[in-house]
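Protein chains: 4
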Amino acid sequence: MFNEVKSLNEECGVFGVWGHPDAARVTYFGLHSLQHRGQEGAGIVTNDAGKLNGHRDLGLLAEVFSDERVLQRLTGDAAIGHVRYATAGNGSVDNIQPFLFKFFDQQIGLAHNGNLTNAKSLRKSLEEAGAIFHSNSDTEILMHLIRRSEETLFMDRVKEALNQVKGGFAYLLLTENAMIAALDPNGFRPLSIGKMVNGAYVVASETCALEVIGAEFIRDVRPGEVVIIDDAGIQIEQYTQEVQPAICSMEFIYFARPDSNIAGVNVHRARKNMGRRLAKEAPIEADMVIGVPNSSLSAASGYAEASGIPYELGLVKNQYIARTFIQPTQELREQGVRMKLSAVRGVVEGKRVILVDDSIVRGTTSRRIVQLLKEAGAKEVHVRIGSPPLRYPCFYGIDIQTRKELIAAKYTEAEICEKIEADSLAFLSEDGLIEAIGLDFDAPYSGLCMAYFNGDYPTPLYDYEENYLASLAE
Amino acid sequence: MFNEVKSLNEECGVFGVWGHPDAARVTYFGLHSLQHRGQEGAGIVTNDAGKLNGHRDLGLLAEVFSDERVLQRLTGDAAIGHVRYATAGNGSVDNIQPFLFKFFDQQIGLAHNGNLTNAKSLRKSLEEAGAIFHSNSDTEILMHLIRRSEETLFMDRVKEALNQVKGGFAYLLLTENAMIAALDPNGFRPLSIGKMVNGAYVVASETCALEVIGAEFIRDVRPGEVVIIDDAGIQIEQYTQEVQPAICSMEFIYFARPDSNIAGVNVHRARKNMGRRLAKEAPIEADMVIGVPNSSLSAASGYAEASGIPYELGLVKNQYIARTFIQPTQELREQGVRMKLSAVRGVVEGKRVILVDDSIVRGTTSRRIVQLLKEAGAKEVHVRIGSPPLRYPCFYGIDIQTRKELIAAKYTEAEICEKIEADSLAFLSEDGLIEAIGLDFDAPYSGLCMAYFNGDYPTPLYDYEENYLASLAE
Amino acid sequence: MFNEVKSLNEECGVFGVWGHPDAARVTYFGLHSLQHRGQEGAGIVTNDAGKLNGHRDLGLLAEVFSDERVLQRLTGDAAIGHVRYATAGNGSVDNIQPFLFKFFDQQIGLAHNGNLTNAKSLRKSLEEAGAIFHSNSDTEILMHLIRRSEETLFMDRVKEALNQVKGGFAYLLLTENAMIAALDPNGFRPLSIGKMVNGAYVVASETCALEVIGAEFIRDVRPGEVVIIDDAGIQIEQYTQEVQPAICSMEFIYFARPDSNIAGVNVHRARKNMGRRLAKEAPIEADMVIGVPNSSLSAASGYAEASGIPYELGLVKNQYIARTFIQPTQELREQGVRMKLSAVRGVVEGKRVILVDDSIVRGTTSRRIVQLLKEAGAKEVHVRIGSPPLRYPCFYGIDIQTRKELIAAKYTEAEICEKIEADSLAFLSEDGLIEAIGLDFDAPYSGLCMAYFNGDYPTPLYDYEENYLASLAE
Amino acid sequence: MFNEVKSLNEECGVFGVWGHPDAARVTYFGLHSLQHRGQEGAGIVTNDAGKLNGHRDLGLLAEVFSDERVLQRLTGDAAIGHVRYATAGNGSVDNIQPFLFKFFDQQIGLAHNGNLTNAKSLRKSLEEAGAIFHSNSDTEILMHLIRRSEETLFMDRVKEALNQVKGGFAYLLLTENAMIAALDPNGFRPLSIGKMVNGAYVVASETCALEVIGAEFIRDVRPGEVVIIDDAGIQIEQYTQEVQPAICSMEFIYFARPDSNIAGVNVHRARKNMGRRLAKEAPIEADMVIGVPNSSLSAASGYAEASGIPYELGLVKNQYIARTFIQPTQELREQGVRMKLSAVRGVVEGKRVILVDDSIVRGTTSRRIVQLLKEAGAKEVHVRIGSPPLRYPCFYGIDIQTRKELIAAKYTEAEICEKIEADSLAFLSEDGLIEAIGLDFDAPYSGLCMAYFNGDYPTPLYDYEENYLASLAE
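Chains as they are written, first to last, in the UniProt record's numbering: chain A, 1 to 474; chain B, 1 to 474; chain C, 1 to 474; chain D, 1 to 474.
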């Protein structure tokens, strides 16, 4: 939803429902509210009296299901769904989830949000043992592990498999007689349980998906938990005891919708606190505070409130950008063609502006926005970032896997300020971020993953260890 | 851009450029920033050394020109373009503009924003004289009048025709050797002239289109003016002396982009002033001010600033709505499926909320939003509207042609308050609106059209007189 | 149907029905059997209790109506339809018929097969009088003439208009209360009347369309006739007395489906006779007779029968060619990639082959086929053409408007034989053709138009006179 | 190509090339000529210097590759391709071939024509051992067997796998350094090797694909052979000694293109012989012989030739049928709407007709055609079938897997004659068929599979044994 002018990408959203006569439609609307988590593709698998059916394709959810009849064919009272994020070039429908497996003795649907850190080595050893993969995604691995498990009971096979995969993951499985959700031992990705008026259980990546379908929030899935929902009700078990909460702090800063709550904290409120705290940590005299739409508006209003400087609409985002295929020529670009963001000349002309943004990745977007504002007549542009500098890659589900693209990995704050042509620049401190979010865990960083800021990864990196070390040496 | 949760529709946007080697592409980007003025269809006609070519189709601009090659075929250094608003059911490509006419002696492209009040009678008398129309739109009429004029010089024919059409109109014509723009004698619809770095002239419905292509604002086209742009430069004439400025006040309230200026007034600033004034006219004690995204955010922040009550993000708009074809069933609707707007429970729960909206048309949207907020736990919801009650239809280009759909035409403020289930309701006064916009014309209502509020139409209604009288009697 | 390996194009097919509850569907199936007459676009206009509705688009009929719902929306018990032939580059939906005109006092649908010889001058004088055209097609002209007529009765206006247009035409009009068919004074294009079991009347370009919907053949529309079908029944009038039958002989030779009858003569039978006659006029010793699929198979079997030489399948046509967008590279072309026709090596290898084709236009296709056969091992290839040499352009509805593309306009039979690399070449004589078809009219050439063979045009050429003279001088 | 009015479906076509710079394009054209073997989907996998890439989708070849750029991305000098036949309802892209597998140590493309008789049991035992399948097709099985083989050398693994699969198969594999073709021990499906001018080797399901790209025929792949083509040249090995030629006789009768040769016999010639022989076995007095287009035209001309009765075009096939989605209503159907075949009234009216068809499956098509002819006025219709009665299912690649649908399994010739409303009916004898084809093998039925005629299956039926026995008892 909020990620279009930035190069940060989330790794998908999942949604499932058990016990609703119109399960596919409920899933459709749940996924619709999670569309900001992935725009490359979407799919739904339903369970109709033990028979599983699915549909998936490339494109936005509304494109994949543009034909009402497709949804109508997905009968059944249980369903899981998935939205997948956009990567360049790798757009094959083979990678779109949920996957649907039909065995001689069993049918299983599988959806996954996250990134495994031992995927490569697991895949290699599985292939050496004769396994055949049909996609590039990590997701298939869990299914191979389950099917090859020596355990007798299906849930024991699942638990054994969950203990073999490492990294960040939120899984949803649909079998002939149950829906199963599982979260990694650190709880990197959010996953919540809700209940509909008719008694149906839902599981979703964000609570905004519960709100949209009128489901009551029950509780979050916690690190290391596996949830089994079937006609007998809901059962929650711990598949491992070795847990350590480390919720992705970027969910609060940037990814999640402001109306979602994660671990009991409202995302808008967290962002507003980041802005308030930032106003205290990095005050500056100015005529107005403006935010980069849409993800930074909460932080900007917090900054304005705490500083007493008026909050203004200095940047306008064109909402019709997602599907603009025509690009300006180089000449037109120089003449100023800008399609996504416009500065509001009538507001910023002749003014000293505090520009609040949630984060800086490569710095190119920031520089463009500062230029926009200056060209529209802003006298000064003071950039305030609602999070600490991004310095390290993420291996748990955010699409930053090298330091090369991170401006703060290579340059000091002063150098960045110069590069983005701002009049001043300040980042929120790590402590400031932790306090602004205000989680209540007894764990390092209050239960947040802060690794992109400080390199302190809460788990071994397995197959990525080498990448990471190479990355440090760059 | 801002019209998706409301039932008010604008009647199109126009853009033209003369003197740029990549005229079609410039027009594409200009239209892109005007997409909020019409989403039903789009088109571009170019002039390549006197030969006119065009492409138009149903859909968003980016869909109509999804194939780069289509744009590449539209060679030439002059172009006009059009985006058309969505009406139900009448979706034929025949109505998509610009129209392109190829006569044995002349080629003309024609685009139009507005609504003629004497279209029906003109069309009837033209058909009685043998004319054949190929669309339902009013736009063709001007071409018939021009072609049937007895004048010798083309510009005299155009001026004669302009004096025959009545109502609200902003025309763009492209001929083999000139681009012509014309505005009705009241200037209902905005139309501005700009100049690009390379000397090319542009004409656009809103100044945001000038900004997006880096053009400098020259001046607005004024009521009763016709502008001729050709290789010799720009020439502005008055085709009639009987002018009386009456700019559509709904452009300031709702339609135009906040970064546009109309008659020198920034739209965001005008809206913020409406909010500020509203805070004075209708104060109330509360915990927070929230706006309906996106069109009311400016007014809401103005209200917050003037009242000292904190501005919060209490409603979130899902940006992926335009293309959602799947509808919730009645049962799901009752269970709470909401696709466009979500209330932020974490923000509004237990709070007294001032909800600022720009206008109320039928009241159904307002009621739904109040319900949303209450379901999310808001203790009180006080609705404040940034404009006076809409009581009369518009015949100059907004899609409200009957009083039946206007809740304020039938009910008192108190009754409306009850119907929308708000704890209190107040509208901005007419004087408040006029002062908030603050135009500087020596004309009734300071040069604004206020007819939907007070029935004081600045022109005779011609073919609509009967409708209007019937409407009053309803 | 049979025109894919040749560069001859027909100018459309029309179909109409009055009095069937499922008129659109009947029209769909009627047009389906006329698809060989035009593949560029298709459309249907229906009359539902006086209200006309239509749908038209570029593409094959099955593509234009690929969505069942489109057809379902075209309710009504009368309909007219049209298939349009493919021309290069001019593919705008504006030219796809039937046209649907909605006047304040009347609604009219209009479809047209043919070519007017005075279109250009009519259009110019209409435009000088203020008329506006919206397509490149000749078809609109009739509507302007009708609407501008000073006559009081609609049918008088239609007849007046029919007397003003010249050339080849078969018109179908649908009004609120009648379906009207009209044929030019020479009857260049075929047009037949049928009756369905339920009493509905149908009019179609070819009788194969009557067969396909189970309609009984009533009679052909004759030169200079106008047919009015309404709820009172059918009425046939002569709008002009100056008639002279001159049925397009190419309909028999190439265009029409072999199962159609024209003027009482079965097309397959006519072609078989051409082959028989050819065998007598131009015998040769050989091992087998083969035809170019599909249009020449009848003539080939006639030749075989008359000569006693076995008829063989020596050429196979790939039926999946219409929609092949990928083209071989030059290199592949030289290596022999052929997508449309294959020679059957197992049949022709080492044999003396008589190749029967219906006509030669530019000679390039003939040369390619001879080469194909030789590469497949044919020892000798003797080309026999079932019609006389094409030497003059057609202005009545076939897409040959210049002599430049006609190999027989420039070269002798011997020269053509050499150019197409055949071992011998012979054409059917003009008398042979006339006798093979065997019409029974008291008119020059027994009522056939033979102009492309001998330049003897049955009408003045009007606007084409100049073209024609220039063409002769080339 | 010829299968549209009948319910017999072929199981795909394969094509591969090694050593051509434009391998994907060569494969495209090769597949184009094999399109009659499968219309559900198509795909191509190329090898560019050891890196494999592919594209596959539902639809005709020309639709799957409608965008030239898709083909251009498939770079490389080796390629394999596949066209898949149309089945109802099961249209998932997951089943479209070639499959492309990317292992950590190897990349393999795989295409398959045929049907395995032990697929179900192989799949079950593989799944029990942890294998995961991603499609419904048999094809994946070979890959699992190869990957799970304990052999060291890749070709040994392939051969081991080939010895495990039973039934009818023609495989094409593409690896990083070779193209591999393999045929089952009975050679049910045709597979031929050719060589292009530049030295590239090609392998194709039919020789018509060699002709179309100008390749010289080298030799057929023989039962039990595996062919390895790499940069070192071509190598042919026998992977099993237990071979017994049993070429599918339906390839000669119906499936293959008439310009193809199978085992040295031209298909058109074989069909013509069937007609000739039929004329001797089942003569009848009549006025004309007509064939059902297109597959029976060869046999019909053979019958005509041998009997001395004239061959006529009594049935016309509409070539625009493949993509007609609109269906006639029941009422229209009764009124005679026929979209595929028309009888030529002008030919058959009042005549005694001998109708030659290649085979009878359910009898419904035959009855419809007889009716068509009678309605068009045929006095007598004598049906002559160019093959023996189809009485048993096929398990080797033709889509008849139950006897229920076979009219000849339940009724005598006399009963069938009555059911199809013919005046007389005769089938070709088994000996007649064998002699007409005239293969030169020292094997039962001269090397033909005649099982559908006599139940004499050349192999055990494995997983189908039960089906078959049940089928007999029906």
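Derived by calculation from the structure, the hints in this document are not laboratory data.
Treat the numbers as computed from the prediction; the structure is a model and nothing was measured.
Take these hints with a grain of salt, some might be off.
Copies of one chain are not kept apart here, so a pair can be met inside one copy or by any two copies together.
Cross-link-like lysine to any residue pairs, in silico, SDA-like; alpha carbons within 20 Å at most [to be verified]:
id, residue 1, residue 2
1, LYS374, GLY233
2, LYS404, LYS419
3, LYS124, ARG147
4, LYS379, ARG368
5, LYS51, GLN107
task: Just pull the numbers of the violated hints for me, sorted ascending.
output: 1
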